[in-house]
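In order, the protein sequence lines correspond to chains A and B. Under the working numbering, think of the first position of the first sequence as 1, with each following residue one higher. Under the working numbering, think of the first position of the second sequence as 1, with each following residue one higher.
Don't read these hints as lab results, they were simulated from the structure. Model, not experiment: these values are computed from the prediction. Among these hints, one or two may not hold up.
The list makes no distinction among identical chains, and a pair is therefore deemed to hold if it is satisfied within one copy or across any two copies.
Here are the simulated DSSO-like cross-link-like pairs (lysine-lysine), alpha carbons at most 30 Å apart as the crow flies [stated by the list, open to error]:
{"id": "1", "residue 1": "LYS63", "residue 2": "LYS73"}
{"id": "2", "residue 1": "LYS122", "residue 2": "LYS218"}
{"id": "3", "residue 1": "LYS122", "residue 2": "LYS63"}
{"id": "4", "residue 1": "LYS73", "residue 2": "LYS218"}
{"id": "5", "residue 1": "LYS122", "residue 2": "LYS82"}
{"id": "6", "residue 1": "LYS82", "residue 2": "LYS218"}
{"id": "7", "residue 1": "LYS73", "residue 2": "LYS122"}
{"id": "8", "residue 1": "LYS73", "residue 2": "LYS94"}
2 protein chains.
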Amino acid sequence: MSSEPLPLRLPIRRADRARQVADVLRQQIHGEAFASALPSEQELATDFAVSRNTVRDALALLKDEGLIERAPKIGTHVARRKYDHGLDALLGLKETLRGHGEVRNEVRAATRITPPPAVARKLRLEPGQQAVYIERLRYLGDLPLSLDLTYLVPDIGDEVITRDLESNDVFALIEEISGGPLGSADLALEAITADGHSAATLQMPEGGALLLLERLTKLEDGRPVDLEYIRLRGDRITMRGSLTRPADRTDWRVI
Amino acid sequence: MSSEPLPLRLPIRRADRARQVADVLRQQIHGEAFASALPSEQELATDFAVSRNTVRDALALLKDEGLIERAPKIGTHVARRKYDHGLDALLGLKETLRGHGEVRNEVRAATRITPPPAVARKLRLEPGQQAVYIERLRYLGDLPLSLDLTYLVPDIGDEVITRDLESNDVFALIEEISGGPLGSADLALEAITADGHSAATLQMPEGGALLLLERLTKLEDGRPVDLEYIRLRGDRITMRGSLTRPADRTDWRVI
Numbered sequence: 001m002s003s004e005p006l007p008l009r010l011p012i013r014r015a016d017r018a019r020q021v022a023d024v025l026r027q028q029i030h031g032e033a034f035a036s037a038l039p040s041e042q043e044l045a046t047d048f049a050v051s052r053n054t055v056r057d058a059l060a061l062l063k064d065e066g067l068i069e070r071a072p073k074i075g076t077h078v079a080r081r082k083y084d085h086g087l088d089a090l091l092g093l094k095e096t097l098r099g100h101g102e103v104r105n106e107v108r109a110a111t112r113i114t115p116p117p118a119v120a121r122k123l124r125l126e127p128g129q130q131a132v133y134i135e136r137l138r139y140l141g142d143l144p145l146s147l148d149l150t151y152l153v154p155d156i157g158d159e160v161i162t163r164d165l166e167s168n169d170v171f172a173l174i175e176e177i178s179g180g181p182l183g184s185a186d187l188a189l190e191a192i193t194a195d196g197h198s199a200a201t202l203q204m205p206e207g208g209a210l211l212l213l214e215r216l217t218k219l220e221d222g223r224p225v226d227l228e229y230i231r232l233r234g235d236r237i238t239m240r241g242s243l244t245r246p247a248d249r250t251d252w253r254v255i
Numbered sequence: 001m002s003s004e005p006l007p008l009r010l011p012i013r014r015a016d017r018a019r020q021v022a023d024v025l026r027q028q029i030h031g032e033a034f035a036s037a038l039p040s041e042q043e044l045a046t047d048f049a050v051s052r053n054t055v056r057d058a059l060a061l062l063k064d065e066g067l068i069e070r071a072p073k074i075g076t077h078v079a080r081r082k083y084d085h086g087l088d089a090l091l092g093l094k095e096t097l098r099g100h101g102e103v104r105n106e107v108r109a110a111t112r113i114t115p116p117p118a119v120a121r122k123l124r125l126e127p128g129q130q131a132v133y134i135e136r137l138r139y140l141g142d143l144p145l146s147l148d149l150t151y152l153v154p155d156i157g158d159e160v161i162t163r164d165l166e167s168n169d170v171f172a173l174i175e176e177i178s179g180g181p182l183g184s185a186d187l188a189l190e191a192i193t194a195d196g197h198s199a200a201t202l203q204m205p206e207g208g209a210l211l212l213l214e215r216l217t218k219l220e221d222g223r224p225v226d227l228e229y230i231r232l233r234g235d236r237i238t239m240r241g242s243l244t245r246p247a248d249r250t251d252w253r254v255i
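Bound-form chain A, shown alone:
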């Protein structure tokens, strides 16, 4: 413990205050606190107990993220709705977005390949054994949400690519074909910026933020069958979930 308690008032700078305001506003927008128009600068300044200049700085941050639009006389409006993807249960995109609209997939590739050794190891394939590779651009209505690269074990994948990939989650097809439910998946989730080609494919600005999800999905018996690399548009998707505090924290290891 420090022998000197901190001073109770360290100054908060204007740029820091703008970040504070932007973070709270961002979650209010996601939570649909505002129908479409945001409150006026003056109302926000009162709510947040900050100057109008700070409010303007905060709104500029959210505008740069593409979350809001601002125009003289028209005011500030929500530009883009974000959709929640779950961190609490293993679901496909179509299952996740049920009720929000139709998920359709543009199939960009669907073929047998000899996977790189690192992929073969994760799917427990023999060296040189083939896998099935599928690449899909996934839309909610007319909105591209994600670009998915999928490697499947051949006994399941060969059957998957004969099915309707345009309107089904791969998860649902695997369960149909394997005759049982999926078990669990290991996830790695990163934030990266979109390279030019990925950005063009996802119809977003180059350099925009992406959630990159690596997901290795297993059958109930633990056999890995599906390895995916998924680029989710950062301006369209929020991952949500809950965590509990482990009883023993001294020896906790992430996977």
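Assemble chain B onto chain A, guided by the hints.
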């Protein structure tokens, strides 16, 4: 089901192949498959069964992300180690990075404030009731990893800011002060690009990718006590966890 099975061979374009290679290599780098130097272009071309041009394109993508460095005659090296943060258990950064080095916090603000109404509601405060606000830049050794904005309920926060915030997780302090373990937390995780001010603070390039985590943490009895907005450097942190398939998927709702 579609009546027309897909052709088994849709062509995969070079830029798409580069993305395929980059995604697998990225996870190999995170998994420390390579000591420091990556295999040669020719070895990678053989492993991935692609041309050397495709390998070069893939390495260019990873270089743009800051993950690798390339130089003539010296070859390709891992530029930056990433650290895993857990999606399976509620842990503070210091608990998470135990064994990787010393986590220290630069305290940028620590003060009582009147929180905006949206924050007060989440923390179940009365209108006008004060909260404690703490802003910390968190380092692993000399490496800035995250910028954390924290709102605490006053009965706990008033005591927290008298403690050593430079070297403790706020979670540990809350548990010491409240006399019991934390219960659970609700998370929202997004990818955004870093604005100029956040980037300068985190010593990263403007426009680089950030993981933005909103986390509302509750005591064991369910009372929310700690609302945080955490910017994690995308080039330094990977979130990892596992998910299981819910038995009933027809009525699944994310939180």
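* Which of the numbered hints above does this structure break? -> 4, 7 and 8
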